[in-house]
Amino acid sequence: MPLITYRKALNDALAEEIIRDENVVIIGEEVAEYNGAYKVTEGLWQRFGSKRIVDTPISEAGFIGMGVGASMLGVRPVMELMFWSFAYVAFDQIVNNAGCIRYMSGGAINCPIVIRGPANGGTNVGATHSHTPENFLANVPGLKVVCPATAYDAKGLMKSAIRDNDPVMFMENTLLYGEKWEVPEEEYLIPLGSADVKRPGSDISLIAHGRAVITCLKAAELLEAEHNIKAEVVDLRSIRPLDEETILKSVRKTHRAVLVEENKPFCGVAAEIAALIQEKAFDDLDAPVARVSSLDAPAIYSPELEKIQLPTPHRVMQKVLSIC
Amino acid sequence: METAIQTPSYAEAEVNKELTPEQKIEFLRQMTRIRRFELAALKFYNLGKMGGFLHLYNGQEAVAVGTISLLGTNDHVITAYRNHGHALAVGMTPEECMAELFGKATGCSKGKGGSMHFFAPDKNYWGGHGIVAGQTPLGLGLAYGLKYKGIEGCCLCYLGDGAVNQGSYHESLNLAALQKLPVIYIIENNGYSMGTSLSRSSAFKESLASRAEGYNIAWDMVNGEDLYEVRAKTQVAIDRAHKESLPTVLEIATYRYYGHSVADANAKKYRTAEEIERYKHEHDPIQLWQKRLLEEGIITEEEIEAIDKAAREEVNQAVRFAEESPFPSESEIFDDVYYEVDHQTESGRRGKHFFNN
Chain A
1 MPLITYRKAL NDALAEEIIR DENVVIIGEE VAEYNGAYKV TEGLWQRFGS KRIVDTPISE
61 AGFIGMGVGA SMLGVRPVME LMFWSFAYVA FDQIVNNAGC IRYMSGGAIN CPIVIRGPAN
121 GGTNVGATHS HTPENFLANV PGLKVVCPAT AYDAKGLMKS AIRDNDPVMF MENTLLYGEK
181 WEVPEEEYLI PLGSADVKRP GSDISLIAHG RAVITCLKAA ELLEAEHNIK AEVVDLRSIR
241 PLDEETILKS VRKTHRAVLV EENKPFCGVA AEIAALIQEK AFDDLDAPVA RVSSLDAPAI
301 YSPELEKIQL PTPHRVMQKV LSIC
Chain B
1 METAIQTPSY AEAEVNKELT PEQKIEFLRQ MTRIRRFELA ALKFYNLGKM GGFLHLYNGQ
61 EAVAVGTISL LGTNDHVITA YRNHGHALAV GMTPEECMAE LFGKATGCSK GKGGSMHFFA
121 PDKNYWGGHG IVAGQTPLGL GLAYGLKYKG IEGCCLCYLG DGAVNQGSYH ESLNLAALQK
181 LPVIYIIENN GYSMGTSLSR SSAFKESLAS RAEGYNIAWD MVNGEDLYEV RAKTQVAIDR
241 AHKESLPTVL EIATYRYYGH SVADANAKKY RTAEEIERYK HEHDPIQLWQ KRLLEEGIIT
301 EEEIEAIDKA AREEVNQAVR FAEESPFPSE SEIFDDVYYE VDHQTESGRR GKHFFNN
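Line by line, the protein sequences are chains A and B.
Its first residue numbered 1, the first sequence is counted upward by one per residue in the numbering used here.
Its first residue numbered 1, the second sequence is counted upward by one per residue in the numbering used here.
Fair warning: there could be bad hints in the mix.
[As the list claims (entries may be wrong)] Only pairs whose alpha carbons sit at most 16 Å apart, straight line, appear in this in silico EDC-like list of lysine to aspartate or glutamate:
hint : chain 1 : residue 1 : chain 2 : residue 2
1    : A       : Lys-159   : B       : Glu-346
2    : B       : Lys-352   : A       : Glu-272
3    : B       : Lys-149   : A       : Glu-22
4    : B       : Lys-149   : A       : Asp-21
5    : A       : Lys-264   : A       : Asp-296
6    : B       : Lys-352   : A       : Glu-244
7    : B       : Lys-180   : A       : Asp-55
8    : B       : Lys-17    : B       : Glu-296
9    : B       : Lys-352   : A       : Glu-245
[Claimed, not checked] Selected chain B positions facing chain A (Cβ under 8 Å, derived; list incomplete):
hint : residue
10   : Lys-112
11   : Ile-131
12   : Pro-137
13   : Leu-138
14   : Gly-141
15   : Gly-145
16   : Tyr-148
17   : Gly-167
18   : Ser-172
19   : Leu-178
20   : Tyr-338
21   : Tyr-339
22   : Glu-346
23   : Ser-347
24   : His-353
These aren't lab readings, by the way, just hints derived from the structure by calculation.
A virtual CB, placed ideally from N, CA and C, is assigned to each residue, including glycine.
In isolation and in its complexed conformation, chain B is listed as follows (with noise of 0.2 Å):
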């Protein structure tokens, strides 16, 4: 699993090629943003400001920006509940973000949602989703209703390597290939189902990905910690959905710097405190783009350090928003239950919608 890049060739992909500088160094601030978010909200979780679970996605963010990246008007994405990055690289805001953290009204959901269920769908972004596995057949969904209304688009949908094992996934594979949907499955294998190693979790001949092989889905290995490669072999996957109307599934190997959740007692136990040093020293995929960007000429140390600084005042500023934001009033608890009733039509008018005693 893992793995150290070992050669340029995917930074010639036509991808790749015809990136600009300044997108390449957008990049890098979209995951410095990602990981200064992150511990800002570690940091704040820690502080007790915000409930729940927090699952923080430290070391996969070259997944989510390399991968998100790519994606055009009619292109969607749904994750599960590490989904913080994801968020960020659709273009959501920290402030929105944190604030949802936070629980406030002025959160993405309105502080109804909370850490695993960011949404944005006005930005192709359908959530940040709980139940592990359960968005699979969603993102079917989203893949199905781009083909029924005869749109050239597809539906990126993210799933762990713990959630490789649930028969929604497997169903919805099924479905993907038999009814051509254009749905790319991307199984971000950071090798830890929360406790469980991926050797203790799941059987397999190759990999994760090669057991679409059994429902006739191309599929693909990739290296999470070089963006190129990431972009590189997505794109191969979106112009398979966009062109021939065919679902993929992409592995993409990356590490968790944290432990499942911040709530996983056992974060150090289930694998040494060298295993993660190493994979912080030798695989970390913002240390390792920087050095690209260094190696290309197109980025300064100086500059380098001003995205951090950019990036940390910019979650300073959307802590600061969501601390200083209202939390929901009692209210708004019935608001956003139903449409009908939202909207005060003459269905949601009729007849008793809520039961309080």
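Just chain A, with the same shape it has in the complex (with noise of 0.2 Å):
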């Protein structure tokens, strides 16, 4: 099987799915003509041209809403954010419009749109360009949020959230574009709400989504090499819709839990995970779930400290340990 980067995995998943359908277009800045500021959509604009791959102006509640009503006309854009940082200029757009108009609508409307971009801190780019909303996305009930750690699961899920009816907040990883993952070269899909098991244990389970997830594996290598703890990695990969049993099931088999996220902890992806878990596998658990998440202050520039600020496999180790 092919190893190919996770950029490469977006790209070749954006290809398939323009040459597939007519109606899917790729809007954004510096997409086209520059091939993309970090190079996920290079050499798109010179394949499929200016109607397929467009570049707007840095104007993104201008062109971010421009998507949504095409949207409702049954064009199917996939809107890039250089970050996702950006989205807070196109906040009413993303969740009054493309959030909220079926619902307002009685059902009438629907919003087959992705918006797309990188999600992360670790880049020494300060506090503006760090942030990663997908908790507060996720808080809005007519849109989904997913956020991909592997090549492969980058792929599979962008070309389900470009076939999804429903808006669909892709969130990507800048630290991850240039990891190589294997990647089948034949067609496949990953549905959005189902989690993966990404190495198996029996004595802990880490659940974790985007960039985590590669931190929780090189946890869990550590914990079995040093301590003989053999942790299972469960990676979300679609925050909402939610994988509800394979988390449960996880948890009912190591009867216990750490959540981790590059996320902030206050009103995080992984409290909410938390209340799920004490709600329906409380009798299964034997420690209180703990978390292991951004340290809980803006993005600190120094790379040095900024290193620390995300969970390492170092802090979720000795999380582990305080509970194992």
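Using the hints, put the two standalone chains together into the complex.
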């Protein structure tokens, strides 16, 4: 199976869907002639031309709203945000328009739009460019949120997101764009709402999404090598809809859980998962549910400190040891 | 801002010359229906039959009726929260609109949208939007969709004079000009941005519409009490959209008789009672249209009275329909959130979509 980067997997998914459906159009800042600020759309403009790959000015409220409006007419726009942090100037368009129009119209309208881009810290760009809004966008009934951790998942989830008839917020990670994974050449889809056990284990469940999954996999290796603790790593992949069954199945097997995310702790995704576990698997627990999140301050610039602001394998391991 | 019909020249515009007497009478019927609908809504709002806000369209009827009368199969409409007039003008029924105000399951949005959120995509009517200027990028997107699909059409996107200072509107103008999109922004300038008069809310050189100059977009000013002028000037913009795929900004001078919403406690403080009365008596679009039709000899006083009576009966029937309709059931709360869940597709059946406790 070929090894390809997370970036290339996304690029392939976009290209395949552009070919498959004439209504799919890529819209965003620098996506066409510049080849994409992070090169996710590299080569697509040369291949598919200016109708399908559309550059916009730096104008997120305007062009995200434009995409939502076009989606109401059956166009299937895939909107690139250069950073998900920039969504904050388009918040009304995402939350009120993409998120609420179906409901407010009594189901007469739907918005088949994908809004995608990187949502991560860890690149020393300061607080304004390091936001991780998956928790508060997943708070909006009407929106869907996915956070792929590998190239394989990124491709399969992107293809499903584009075919989905609801608005999907697709959150990537610049630190993963250059990483490689095995990705089959033949077509496959990964449905939204299905988690994935990335590493089986019997002693504790590490439940994470996005790049925190990679952190957990490293922590699991250390735990096994240094402490003979077999950690199971559950990758949520999709935040909303959420695969509750896979989470509960893992916890019922291991009886312990540490929830890991690069989001901030207060009202983070892990807070929702913790509530779920205590409500539905309370009797299965042998220890309190613990969390490892980003340290609760705005993203710090200083490269040495930002490394420890995000969850590290060491911090995950320490948390595991505190309840095992 | 205050205007009065001075010249009959717009009656001679091509798009008006071709009107039949019956079409002209139909415009009166539509404006009267809107007026009577709003008066009934006000009455039952004050009786506590509906919740939320109620932004009435009284005084502005010629804008929605005049502009929408020009639209064809591939032309679309989207507006803000003062949207009852537009909804009725596109052909939504008073019954479904009144039932929506009453929060009933038979409402146009099944009681899920309310006064500010009427929708009828089957009539190319895309709402009904509650956030000031939030609809302006959506109107742009509808125009984008038409152009993308190679359809000759346009989108009329209405906004109030209070919306012109929102960033999303300016971003939309820039994108409309850059991408050459067939969108027509119609500023319904009723002089007040909630309780703040035009001069206290907007800085401009010539007019609000003339700001379009900076984006190299064509613009025009329209007297909103003259249906002929509204139609004549809007048709120019529609032709520009259809034939050249270019945007236009129209500023239509108009006036609202009631407060920003019925809950506007200061409705009579930021403007004088005399001003309101003057508009009602000298600039009322319905009275002026009645006068024109009488002068043209195509209607009688008795027929005008009959149209008003029919509108009142129609609206009374709508109120009865709304009162007798059921509220949505509790089980419907989770319908219409996700398309995939509503249709129980494979995607809609997988994973947890709702997080109730």
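Evaluation of the provided hints:
| no. | hint | in the structure |
| --- | --- | --- |
| 1 | A:Lys-159 - B:Glu-346 | holds (15 Å) |
| 2 | B:Lys-352 - A:Glu-272 | holds (12 Å) |
| 3 | B:Lys-149 - A:Glu-22 | holds (9 Å) |
| 4 | B:Lys-149 - A:Asp-21 | holds (13 Å) |
| 5 | A:Lys-264 - A:Asp-296 | holds (6 Å) |
| 6 | B:Lys-352 - A:Glu-244 | holds (7 Å) |
| 7 | B:Lys-180 - A:Asp-55 | holds (14 Å) |
| 8 | B:Lys-17 - B:Glu-296 | holds (12 Å) |
| 9 | B:Lys-352 - A:Glu-245 | holds (9 Å) |
| 10 | Lys-112 | holds (5 Å) |
| 11 | Ile-131 | holds (5 Å) |
| 12 | Pro-137 | holds (2 Å) |
| 13 | Leu-138 | holds (4 Å) |
| 14 | Gly-141 | holds (2 Å) |
| 15 | Gly-145 | holds (3 Å) |
| 16 | Tyr-148 | holds (5 Å) |
| 17 | Gly-167 | holds (6 Å) |
| 18 | Ser-172 | holds (5 Å) |
| 19 | Leu-178 | holds (7 Å) |
| 20 | Tyr-338 | holds (5 Å) |
| 21 | Tyr-339 | holds (4 Å) |
| 22 | Glu-346 | holds (7 Å) |
| 23 | Ser-347 | holds (6 Å) |
| 24 | His-353 | holds (5 Å) |
Going down the numbered hints, you'll see the structure goes against none, and every one checks out.
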